[in-house]
Structures are given as C-alpha cells and as structure tokens.
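A.B. asks: Okay, here's what each chain looks like letter by letter:
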Amino acid sequence: MDRRTLIKSGLAAAGTVAMPAYLRAQSNRKLSILTWNIADQEALFKEEFADFKAQNPGVEIEWLDKKGPELPAFYQTQLVAGTAPDIIDLQGMIWVEWAANGALLDLTPYMQKEPDVAKLYNQDYLASFVYDKKNYVIPFYIAKTLLFYNKTMFKEAGLADAPKSFDEIVNFSQAMAKGEKTGFLTLNFDWLYWPLMQMNGVELLKSDMKTPAFNTPKTIEVLEKLAKATASGGINKIAWTGRWVEPNGAFASGNVGMLQAHSASYFFVKGQAPWVNPDTLGAAQNPGNWSTPTNHGFAISKSSKNPDLAWALVKHMTGNKWATEFSVRRRILTGNLAADKVGLEKVKAEDPLAHAVLLTQLEHTDKMCGNWPLPNDAQVKDVFWAEIQNAVLGRKDAKTALADAERAVTRVMRRS
Amino acid sequence: MAMAMSAAPERRRTSFLRRATTRQAILVWCFLAPSLLIFLLYRILPLAWNILLSLQAWSPLKPAVFIGLENYEEMLTDEVFWQSLWNTVFIILSAPVGIAMALGLALLVNSNISGRNVYRTLIFLSYPLMTVAVAIIWRWMYDERVGLLNYVARLLHLTDTPIPFLNSFFWALPSVVVANIWQMLGFYMIILLTGLQNIPSSLFEAAEIDGATAGDRFWRITLPLLRPSIFLCFVIGMLNSVTSFDLVYVMTGGGPGRATEILVTYIYKLGFVQTRFDYAAAVTVVFFVFLITVAWAANRLSGGNAGARDME
Amino acid sequence: MMRRSPTWPIHLALIAVCFVMLVPFYWVLKTSVSGENIFTYPPNIVPQNPNIFYYVDVWYAIPFARYFLNSVIVSAITIAANVVFNAMAGYALTREFHGKGFILILFLSCMMVPFQATIIPAYLITGQLGLLNSYVGLALPQFSTIICIFVFKASFDAIPGSLIDAAKVDGLPEWRIVWTIMLPLAKSAMATNVILSFIWSWNNFLWPLIMTRTPEMQTLPLGLARFLSYQEDTTGALYAFCIMVLAPGILLFLLAQKEFIQGLTSGATKG
Numbered sequence: 000m001d002r003r004t005l006i007k008s009g010l011a012a013a014g015t016v017a018m019p020a021y022l023r024a025q026s027n028r029k030l031s032i033l034t035w036n037i038a039d040q041e042a043l044f045k046e047e048f049a050d051f052k053a054q055n056p057g058v059e060i061e062w063l064d065k066k067g068p069e070l071p072a073f074y075q076t077q078l079v080a081g082t083a084p085d086i087i088d089l090q091g092m093i094w095v096e097w098a099a100n101g102a103l104l105d106l107t108p109y110m111q112k113e114p115d116v117a118k119l120y121n122q123d124y125l126a127s128f129v130y131d132k133k134n135y136v137i138p139f140y141i142a143k144t145l146l147f148y149n150k151t152m153f154k155e156a157g158l159a160d161a162p163k164s165f166d167e168i169v170n171f172s173q174a175m176a177k178g179e180k181t182g183f184l185t186l187n188f189d190w191l192y193w194p195l196m197q198m199n200g201v202e203l204l205k206s207d208m209k210t211p212a213f214n215t216p217k218t219i220e221v222l223e224k225l226a227k228a229t230a231s232g233g234i235n236k237i238a239w240t241g242r243w244v245e246p247n248g249a250f251a252s253g254n255v256g257m258l259q260a261h262s263a264s265y266f267f268v269k270g271q272a273p274w275v276n277p278d279t280l281g282a283a284q285n286p287g288n289w290s291t292p293t294n295h296g297f298a299i300s301k302s303s304k305n306p307d308l309a310w311a312l313v314k315h316m317t318g319n320k321w322a323t324e325f326s327v328r329r330r331i332l333t334g335n336l337a338a339d340k341v342g343l344e345k346v347k348a349e350d351p352l353a354h355a356v357l358l359t360q361l362e363h364t365d366k367m368c369g370n371w372p373l374p375n376d377a378q379v380k381d382v383f384w385a386e387i388q389n390a391v392l393g394r395k396d397a398k399t400a401l402a403d404a405e406r407a408v409t410r411v412m413r414r415s
Numbered sequence: 000m001a002m003a004m005s006a007a008p009e010r011r012r013t014s015f016l017r018r019a020t021t022r023q024a025i026l027v028w029c030f031l032a033p034s035l036l037i038f039l040l041y042r043i044l045p046l047a048w049n050i051l052l053s054l055q056a057w058s059p060l061k062p063a064v065f066i067g068l069e070n071y072e073e074m075l076t077d078e079v080f081w082q083s084l085w086n087t088v089f090i091i092l093s094a095p096v097g098i099a100m101a102l103g104l105a106l107l108v109n110s111n112i113s114g115r116n117v118y119r120t121l122i123f124l125s126y127p128l129m130t131v132a133v134a135i136i137w138r139w140m141y142d143e144r145v146g147l148l149n150y151v152a153r154l155l156h157l158t159d160t161p162i163p164f165l166n167s168f169f170w171a172l173p174s175v176v177v178a179n180i181w182q183m184l185g186f187y188m189i190i191l192l193t194g195l196q197n198i199p200s201s202l203f204e205a206a207e208i209d210g211a212t213a214g215d216r217f218w219r220i221t222l223p224l225l226r227p228s229i230f231l232c233f234v235i236g237m238l239n240s241v242t243s244f245d246l247v248y249v250m251t252g253g254g255p256g257r258a259t260e261i262l263v264t265y266i267y268k269l270g271f272v273q274t275r276f277d278y279a280a281a282v283t284v285v286f287f288v289f290l291i292t293v294a295w296a297a298n299r300l301s302g303g304n305a306g307a308r309d310m311e
Numbered sequence: 000m001m002r003r004s005p006t007w008p009i010h011l012a013l014i015a016v017c018f019v020m021l022v023p024f025y026w027v028l029k030t031s032v033s034g035e036n037i038f039t040y041p042p043n044i045v046p047q048n049p050n051i052f053y054y055v056d057v058w059y060a061i062p063f064a065r066y067f068l069n070s071v072i073v074s075a076i077t078i079a080a081n082v083v084f085n086a087m088a089g090y091a092l093t094r095e096f097h098g099k100g101f102i103l104i105l106f107l108s109c110m111m112v113p114f115q116a117t118i119i120p121a122y123l124i125t126g127q128l129g130l131l132n133s134y135v136g137l138a139l140p141q142f143s144t145i146i147c148i149f150v151f152k153a154s155f156d157a158i159p160g161s162l163i164d165a166a167k168v169d170g171l172p173e174w175r176i177v178w179t180i181m182l183p184l185a186k187s188a189m190a191t192n193v194i195l196s197f198i199w200s201w202n203n204f205l206w207p208l209i210m211t212r213t214p215e216m217q218t219l220p221l222g223l224a225r226f227l228s229y230q231e232d233t234t235g236a237l238y239a240f241c242i243m244v245l246a247p248g249i250l251l252f253l254l255a256q257k258e259f260i261q262g263l264t265s266g267a268t269k270g
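As given, the protein sequences belong to chains A, B and C, one line each in that order. Counted the way numbering that gives the first Met the number 0 counts, the first sequence spans residues 0 to 415. Counted the way numbering that gives the first Met the number 0 counts, the second sequence spans residues 0 to 311. Counted the way numbering that gives the first Met the number 0 counts, the third sequence spans residues 0 to 270.
In case anyone wonders, no lab produced these hints; they're calculated from the structure. The structure presented is a predicted model; accordingly, all values stated were derived computationally and were not measured. Don't be surprised by glycine CBs; every beta carbon is placed ideally from N, CA and C. Please note that a few of the clues may not be correct.
To be verified - Straight-line distance between alpha carbons at most 20 Å, and here's what the computed SDA-like set of lysine to any residue pairs gives:
1) Lys61/B to Ala99/A
2) Lys257/C to Leu106/B
3) Lys133/A to Asp105/A
4) Lys347/A to Lys257/C
5) Lys66/A to Lys257/C
6) Lys269/A to Leu227/C
7) Lys29/A to Glu215/C
Claimed, not checked - Cβ pair distances, simulated, as ranges:
8) Ile14/C to Leu204/A: 57 to 65 Å
9) Phe96/C to Glu72/B: 19 to 27 Å
10) Thr20/B to Ile14/C: 48 to 56 Å
11) Arg406/A to Trp28/B: 50 to 58 Å
12) Arg22/B to Phe101/C: 17 to 25 Å
13) Trp170/B to Val135/C: 44 to 52 Å
14) Asp207/A to Glu72/B: 52 to 60 Å
15) Glu78/B to Pro183/C: 52 to 60 Å
16) Val22/C to Trp170/B: 14 to 22 Å
17) Glu72/B to Leu128/C: 32 to 40 Å
18) Ala205/B to Val168/C: 21 to 29 Å
Based on the provided sequences and hints, a complete structural model is requested.
C.D. replies: Right, dumping it as structure tokens:
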C-alpha cells in the first residue's frame, strides 16, 4: 500500500475547507465514476485517471466509492435527482434490472464500431453481461465459485480427494462432522449456492424464462438431503444464514471441511488462517465443474452527458495496460485475457496456492450457472431463497417449501 | 400557571390579559417555528411524498402512473408483509422488558454510591458503538458450534445440545431482541436518569422523615413522577427497536426465511434492492399509521397529554 | 443525613450487569489489538500478541484527520442547533396555547416516519435548498430532535411554578426567564441532549453516504467502507476503527457526567 500518496491526498484534502459545488462545476469534459467497495485501490485508480487525463487534456474525473449494501441506494437517489455518475461498477446481476429500467446505456453499438474491444475479454464472462441480446457491461474483475477443502480434516476423516458428486459432498461432510467441527459451508448471497442445484440437474425456470421449473421430485430429494445433512451437523448452518465474514471466518478457523465460494474467499481466509498452505488447503472445481459467477463490470449511465468519453474511460480501465496493473497489484482476474495471463504468471511465483485458486476461475467457464438475466432478479432471488432456507433449516418439509416457492416465483413473474 | 390568573372577572383586566395571551401565543409559535420547519422539511414532506407515491406505479426512470389503492391491495395477500408486521409487533412488545431493566439500572446508578460514574459509563458504552462491528460479534456469540454463549453453556453443563440461536426460526427473533436491548440499555438509562434528576430530592427526604420505606418511596414518589420519562422511553424505545435497521440488517438480513424480517428492513429491501419504491411507500404509510396507533394507545394508558404531567 | 443501607449489594448487581454488558465490547477491543479471527475455537479470552498496528493502519488507510475534522464540524453544528431549538420548543410545550394538542401529536407522529423511507425526498429537498455536499446540509435533518424536545419539556415541567411566577412578578421578560432560571435548572436535560445529538450526528452513516460526493466532505463513519474490503483481511483495522470512532463519544459522556451530578445536587434546592 502506498501510504505516502494517501497521506498526501489526505493533507491536500484538508487544505480545501470550502466545499466545491460539484453540480455547478459540471463542465462538459467531466466524468464521474462510482466504484463498488474497492477504496483500497485508491493509489491505482489515481494513476489510471492521471494517465487518462494526460491522453485527454481538459478532462476532469470525479471518483466515488460506496460500500456494497449502500451503493444501490446511492445510485438510485442520484438517478432520481438527475445526477447519476457517468460510469458505475456493478456487482452480480443488479445491472439487469437497471438495464431493463432504462438506466444503462446499451454498449453494443460501441462494440460493433470497435470489434477489437470485445476480443480483449474472456468471451464467456463477457457473455454473462448480455441482456436482451445487448451488451450493457464490460468486465472489471471476475470470479466464480469453486470448492475449497481443508486437507487436514479430510485426512483425519480418511478422505483422499475432493468430492466428485453431490452425494459425495453430503457424505464427506457427514464424515467430518464432530463436536465443533462441521463438513460443509457455502456462500449464499446472490445465487452462489446454485451449483448445488445445478449438479443435480435442477433448473430454476423453463426456457421461456418465466415459468418455474424447479418443483420436481429431484429437487425435493436434493433439499431433503441438504436438510438432513444440516440437521446432523454435516453442513454448517452458517451456510444458510451467513453472508461473508461468518462463512469465511468459520472456514478459516479450521473447523469446517469444505467451503463453496469464489476466489476472493481465498485471500480473506488466508489473512485469518495461519494454517493455510498447499499441504492443508485444496482448491478444486465443484462436481460437474459447475460454478456461479459473481462479477464486477462497468456500465455507463444513459443520462451521461459524455457517453463517448465515458466509453473511452471504460476502455482505458479495462484495457490491456491498466487491467494488467490491476490484476498484478490486487491478485485478481479481470476478464481481460492478456492482463490475466501476466497476473497469473506473477502470482505463480509468489503464491502457488493463490495461482491454483485463480486458475479454477478461467477453467470450465462454459459451465457457469445461476446467473439468469432476469429484470426482476432481486425479487425472484428473495422469494426463492426464503423458501430454500425454510426447507434446509427444517421449518418446512421440502415438498411444501418448493410448492410455496413455486407459487411465490410465479407471482413475481406475473407481476412484471 | 399564567392561566390561573385568567379567572379575574374585571373588564379592564380581561382586555389586558387578552393582549398578554396574544403575546404569549406569538412567543410560543416563534419558539416552535425552527423545530417545526425542520420537521416539515425532513419528516412531513417526505411522508407526503410516500403517501402520493403509494398511489402510483413508479420507479426512478419510469413516469408515475396513478393506480389508486393497488399497492395497498397487494399488501393484503403479501405474506412477507404480514410476517414483518408480526415480527415488528413482537419487538414492540419486548420494549418494556428493556425499559424495566433500564429503570432498575437507572435507580442503581442514581443512588449515592462510589464509582457510579464508572458504572454509568460502562453501561452506556454499548450505545454509541458502531453497529456493523457489533453485529458480527453478536453473530459469533450466538453461533451454534463455536459461539461464546453455547461455549459457556457447555462449560457450565446447562445444555447438552447447542442452541442454534440465529440459525433457528424459533430463536432468531428473540436473539435479535436481546442484542437490541443490549445496545439500547445505556440509552434508556440516560433518559430515565434525566427524569430521575427532575424529581426534587426534598420529596424523598420528607418521605424519609415520615418513615416511608424504600419501597414506599419508589411506588409513591419515583414511579408516578417518572411517568413522563417512562412514556417517553417507551415511545422512543419502541421506535428505536422497530427502526433499528442496522442491527437486524447486518446480523441476519431478515432471515432465516423471514424470521427476523421487520417492516423497516422490508421497506429498505423493497425500495433500494428490488426497485419497488411505489410498493415500499405503501408499506411505509401503513407502518406509519400502525406506529401512530401504538403511540396513541400508549399515551392513553399513561394518562394522556403525551405523558406529561399536568401542572397541579 | 440519610440512613445508609449497605451498598455492597448495589455494587454487586452493577458489577454483574457491567460484566454482561461489556462482553461484546471486550471482543471489539480485543480484536482491535489482535486482528484475530473471531470464529476461532475455543475462543481466546486474552488477545494473542496484542499490538497497536491496526490503529496506525486506520490512521493511514483513510484521511483520518480530515474525516475527523468534518465529523467534529458537523457534530458541533448539530449540537448547537439541537440545544437551542429543542430547549425553545420544549419550553413552548410547557405553556398552554391553542393547538397544543395538535402540535404534540404532530411531533410524536414525526418520530414515526422511518428514515429509510425518506432518503429520496430528503435528498431532493436538500438539493432544492442548495445544501448538497455541505456541512449544514449534513447536519440539517438533525437540527431538532423530537426525543430531546420531550426531554426538555419534562425537565421544564418539573420546575416549580412558584419560581417562574416570582420572576414574572419581578417583571423579567419571558426569554430571560428561560435563559436565567429555567435552563440552569434543566442542566441534566441539556447534558442528555448534548450527548444524544452528538452520538446521532457522529455515528450518522446513511445520510452522509447519500448526500456527500466529494472526499473532502466525508465524515468519519464513511471511512468504514475502507475496512470492509472483501478481499483483504481487514478485521483488526475494522475493530480499531470502531474504537477510534467511539472514543470521542465516551469522552463527551464523561464530561457530561458532571452535569448529571450537578443536576442531582441542584435538585436538592428545588421546591
């Protein structure tokens, strides 16, 4: 971390006591960009902006960063007030709703005009940002779920290798459960638990993307197995109620056998777990190579007064030069092919385990699931997840919960 | 006080008094004006906005369409709404528990003992602490396997099977309530302490000379004179608990299922997560009416006039 | 003067309560010096390798001094406005006037509007006033708080009418009565108001987040985002940050304690 720059900017900030009226100062060469909880990369962004300004003299850039849960509240307030930032960093599938509502600019014309741009990115990840055959988002940084496993606990339970099927996940987790120890955890926000469904062939919707398709005997069976394993302690209940700190913290404590999570978890867990090394932590694909992506990408507000300039900045930040810098400095994959190649090479030398983890993110990208471009994704997710919780935590039997979920999802679909 | 003089029958005096009351009325409204203005801007207008919005179909980028009571109709069959309402009621009903505890504490730290400032400070500490961090600590304390509560319970052989607190549909809401009381206790305590300070100590001394026991003094002097503070505490406590958004949002996010969903978390989710501001506005209006009703009932129970004693 | 009953049961009860109250707080403190994983089992009661690195990290990770200064300015504006406006309104409510019942109900109902539902209109209104991204705009929604109006009202109500009548006979104008007689007797209400308005303003998160756009205007709680980074492990810094935000509140509470005690002794001369 570059502290000196931070102090300097802090001091510089302290010098300006008068408040600038940003609204009135909105010149026609000004861009504002809103990122999603990545304030730790301040130094890098400052360099990227300086470089952009050098290439585009007279351009001003306003950088805003908001914490995840509040970013939508901030952005929508700005939308109503007519002062939405030109560029926004969006996570998960929230962009679909905003695109469908007309908040975001369709980037397809730009990409048709400059066909080379699309070739910079991993095609599967780029495709996950398409709604209604239009491209609204350019990948900023990418991740998808994989299976972390505690090799020490596997050894103690006499297990040799990562599970190869859903039933093995369940059985392995039962085998490791004992006292404070549990066998399995998954992240559950957005649709990150979906690989557990997909590996059993469960589909959320029929191909019309409107009618629920999940209420089948197979799904009932899956939920019954999960509920049983949860009740017996094989699956840690945090899997169904925790968010970020709790599941990662629990896995880092060394008392949980497996964690289904995306690559960011590795860095979080490693920071808290001195036990992590290639002999103790394994990183594998989920059975069937299924995974759910959780990506960040840049979109441009339709209300932007300088869409062309905004497009140029998006290209600048996700292009080879700065995406490489980003990948190397933050040990992250950007979806930019050239950048990730360099980033991976660098990580390989420094932290082989991190390399192994990141490698999983670029394999089997054709098997990504749980990211349907639904304009009412948040509503569907909310009603569906509540019933899944009911089933796996034993409040309702699987059959009732799924019937209720089917009713709720149908209702949401009919409303829109 | 001033009114007591208005009984004077003489004509000349009446006109003088009329002028005096006019002057006083002007003064009173001038004194109220700044606060009224703030409330108008940040409470009343936003409420009016919500009321208008609740009759429309609107999202930030779509033009508003008047749809009458459709949003309200939807609420009738919205299970999540009813569950949230019920959870909110449960939390309101738990507010007196916290207040009773705080009253006990306020009496203790108001007594003439050494180190009472230390006690007050320690009890107050929980209130100004940022909720985000505390919520994570509470999550851990409640954890089924590695949490402190179950750890202690196991050490003391209180239970054989660990209690899954936040992971259980039965325990989650009471667990949230306990964490909420923990956070609010210091706040209630200082409101009640302020009320206790308003009671002239001469009253206690006189009662003591008359040979009243500590119990008598509490029931005959403290409790009646503290009624306004207790009402205030209840209203604030109720509001703070049902709008204690952060704690619930970070600790459980409303789950598992809908076990800890309360109206305020539901309103936030509807608006900012699901972009259904119109429907969120309708829920807000109903929530508002509901709270007013509860406050009105509490006011009636405490003897009217917003809990304030009429000057005898 | 008074009969003294033994005080040890009171101490015992208070120590027990404080102990329970302090457990979560202790964990915040412990984590802030150790940065260790909260979910460790069995829990470490004593921090392993305690150090103050995380506090230093916090200082450098965000422009702490700047945010701190902003928070101080906004809180000072809030407190000043609060004490003045609330005391005025609280005093007005002790008088009899037409529409008092209505005002009481209005005030109470103002408390019932959840803030989360008012964000968008509040933002638009502040924008209309031209106060977006300014100190006054940050403080304005909290300029007057209903709770503290009622705290003042209760305090004023408790002042014996005879004192005010005597002042009136002396011909003191109304505002002087409030200033010289009533306010000094309502010191504990004032202390309460100062503490509470400070804490609300100091910890206010969502409103500054929505309405500030430039880094120069950010208040301290907004620094939180920096410590909830989801790729680095920032546990220790997060908790150190919480303690650093908490500290001024505690300091103010300790200072205000004096007013509580004075309130207690001045009560002895009342009536």
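A.B. asks: Give a verdict on every hint.
C.D. replies: Cross-check of the supplied hints:
no. : hint                             : in the structure
1   : Lys61/B to Ala99/A               : holds, 11 Å
2   : Lys257/C to Leu106/B             : holds, 18 Å
3   : Lys133/A to Asp105/A             : holds, 6 Å
4   : Lys347/A to Lys257/C             : violated, 62 Å
5   : Lys66/A to Lys257/C              : violated, 39 Å
6   : Lys269/A to Leu227/C             : holds, 16 Å
7   : Lys29/A to Glu215/C              : holds, 18 Å
8   : Ile14/C to Leu204/A: 57 to 65 Å  : holds, 59 Å
9   : Phe96/C to Glu72/B: 19 to 27 Å   : violated, 42 Å
10  : Thr20/B to Ile14/C: 48 to 56 Å   : holds, 55 Å
11  : Arg406/A to Trp28/B: 50 to 58 Å  : holds, 55 Å
12  : Arg22/B to Phe101/C: 17 to 25 Å  : holds, 21 Å
13  : Trp170/B to Val135/C: 44 to 52 Å : holds, 45 Å
14  : Asp207/A to Glu72/B: 52 to 60 Å  : violated, 27 Å
15  : Glu78/B to Pro183/C: 52 to 60 Å  : holds, 56 Å
16  : Val22/C to Trp170/B: 14 to 22 Å  : holds, 19 Å
17  : Glu72/B to Leu128/C: 32 to 40 Å  : holds, 37 Å
18  : Ala205/B to Val168/C: 21 to 29 Å : holds, 27 Å
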